[in-house]
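Chemist: Once you've looked at the hints, dock chain B against the given chain A.
One letter stands for each residue in the lines below.
Number of protein chains: 2
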Amino acid sequence: MNQNTPVRVAINGYGVIGKRVADAVFCQDDMVVAGVADVATDWRLRLLESKGFALYGATPEHTIAMGEAGLPVVGTLDELLAQSDIVVDCTPKRVAAQNIETYRTRSIKFIVQGGEKHDATGHSFVAESSFESAIGRMATRVVSCNTTSIVRTLGALKRAGLLKRARGTLLRRATDPWESHEGGIMNTLIPEPHIPSHQGPDAQSVDPDLDVVTMAVKVPQTLAHLHYWTVDLTRNATKEEVLDAFRASSRIAFVRTSDGITALNTVKELMADLGRPHDNLYEVALWEDMLKVENGELFYAYMVDNQAIVIPDTIDAIRAITGLSNDAQSSISRTNASLGVGTFLS
Amino acid sequence: MNQNTPVRVAINGYGVIGKRVADAVFCQDDMVVAGVADVATDWRLRLLESKGFALYGATPEHTIAMGEAGLPVVGTLDELLAQSDIVVDCTPKRVAAQNIETYRTRSIKFIVQGGEKHDATGHSFVAESSFESAIGRMATRVVSCNTTSIVRTLGALKRAGLLKRARGTLLRRATDPWESHEGGIMNTLIPEPHIPSHQGPDAQSVDPDLDVVTMAVKVPQTLAHLHYWTVDLTRNATKEEVLDAFRASSRIAFVRTSDGITALNTVKELMADLGRPHDNLYEVALWEDMLKVENGELFYAYMVDNQAIVIPDTIDAIRAITGLSNDAQSSISRTNASLGVGTFLS
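From first to last, the protein sequence lines stand for chains A and B.
Everything in the first sequence is counted per our numbering, starting at 1 for the first residue and increasing by one.
Everything in the second sequence is counted per our numbering, starting at 1001 for the first residue and increasing by one.
Hints are supplied without guarantee of correctness; some may be wrong.
[As the list claims (entries may be wrong)] Below, in silico cross-link-like pairs of lysine to aspartate or glutamate (EDC-like), each with a Cα-Cα straight-line distance of 20 angstroms or less:
#1 A:Lys158 <-> A:Asp209
#2 A:Lys158 <-> A:Glu132
#3 A:Lys164 <-> B:Asp1232
#4 B:Lys1158 <-> B:Glu1240
#5 B:Lys1239 <-> B:Glu1294
#6 B:Lys1158 <-> B:Asp1244
#7 B:Lys1164 <-> A:Glu294
#8 A:Lys218 <-> B:Glu1240
#9 A:Lys292 <-> B:Glu1192
#10 A:Lys218 <-> B:Asp1232
#11 B:Lys1051 <-> B:Asp1023
#12 B:Lys1218 <-> A:Glu132
#13 B:Lys1164 <-> B:Asp1207
#14 A:Lys218 <-> A:Glu179
#15 B:Lys1158 <-> B:Asp1232
#16 A:Lys239 <-> B:Glu1192
#17 B:Lys1218 <-> A:Asp289
#18 B:Lys1292 <-> A:Glu269
#19 B:Lys1218 <-> A:Asp259
#20 B:Lys1292 <-> B:Glu1241
#21 A:Lys164 <-> B:Glu1297
#22 B:Lys1093 <-> B:Asp1232
#23 A:Lys164 <-> B:Glu1240
#24 B:Lys1218 <-> A:Glu269
No lab work stands behind these hints: they were computed from the structure.
If we strip away everything but chain A, and leave its shape as in the complex, we get (with noise of 0.2 angstroms):
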């Protein structure tokens, strides 16, 4: 692929994800946003046309409802497609399922998320443990938000020499913010009713060395899942060890309750403070003064924003297959900084 001309990338689905999908490849300079395709015809849609982005109806049908619905649309996803280079999917768990047949007939590269599972691309991402196993590839699937942190954590353990074995109990939010006059809980605790739950198997699709098992709770809150985490170690290291382990990972960011950081609206609020775009975390926020080692043992809590946390794996994801990059450290460095990540608190 000629490194001079920029990828074009369709984003399916203009939801949590796609949206912001769609912000963060319109922050590098080496891919642009194609067009962006939707089933909806309300508000979510009528701020595209500010952004530059064009819309696309996911069926004739839709297009033609979004036309009546006086929204700008330019065509069908069909045609979307054929003017796209890779297609990063964002529509809801079972959609998905059945577009993954459309981009195979077509032969492009495409993306799912995490809802999917493993075997629909045979491939799953998370940038810092899995990008050279992707490049080149037709498909992969950006694993979900709590994957994706788990991946990370874990994984960087590891490449310090340091993971044994690592049991986490998982504090999920019960919906999405914007989604929380549906499907939102008060005042109970849900626990899933499967033990283990389904997040450690799902890591190991990444990375089949970790020994992980996740169980998992559903919380009355919407902003952010939290993790906490009990890892043997591989021997008796000390906490600057295990500081410098998670260092060593551009996005895992540490926050301090002896900052005032005490509670995830606080960590929120931070990144509003930072002007990023919806508050988004991109980063593992792991609490570093929290954390504690004790005799070959180590504990530690983070919060994960399962809105956010996917969307720079999923530019590097981009990178990895459609052969823009062969360089996991050079994607990630180039889309953190497009991104600010990284970067807060230091």
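Modeler: Frame of chain A; chain B shown alone:
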């Protein structure tokens, strides 16, 4: 002590715990409520008369204020203590520490709650683990709700020879239901700034053998605490062996998601349907079908009613230190029968 003369129990502090202790003492046939002391003058004490509990002011000043507020106050705490065999202190943290001096000066036996330190009495009480060592003492401390649940569950595993080490994540209710207009939190999670949290060492104050570490986080709901545990077993036991270990405790009750018991609020509704006062959950409610045993590791979750779990243990503690009983199991059985402990959804 004459087994035919009921022990006279003074209750100092008529809040969340105090009023439940009074109701529970009332249900016993070997002890009576000598009276209740408090400092408030509002609605909380207006039901006392209909229950037949005599009201005392914590000080002469409080007694006068209560009288002026139209409460049927009959005397001061000093007078109450003079006609009681034991006092259960249910006052807030700092107040209790001061009261202890008074109790010692008067040479009256006393029980404090889990908010106090172990050193306050030199003995920490959970009926199933430390009844015997409490017999005949001048004082004991009934440990906190979370610690009580930890000692019950890990104690059960230990007695079955299964416990090697346990690591827990504690989701703590933000405040009590009736106080949620003060101290409540909304739409966020607040990690306890220190790892490990204090509950692990506190459990060791009851049973120093326990290898236990806990982490804790405050969640935006008021119903109960929820614990997630990862336990290394001493051997590759079966799920049934583990369940049997828990079944051996009469104060651990199983719930099942397959029965539709899927969240904290469904358990509370079940307690209400059982007609329990205040919908009290005295047991550790442990999800049986969620529990997983894998290669010598055990994973499970349970609910802790912070308002009610310590009540049966408090009744047993009264029997132990007054010498009403010198056998843990007979006291536990008697308490259970009087409160209906362990009888739901067999």
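Chemist: Among all the numbered hints in the text so far, which are the ones the structure does not match?
Modeler: The structure conflicts with hints 8, 10, 12, 18, 22, 23, although it agrees with all the remaining ones.
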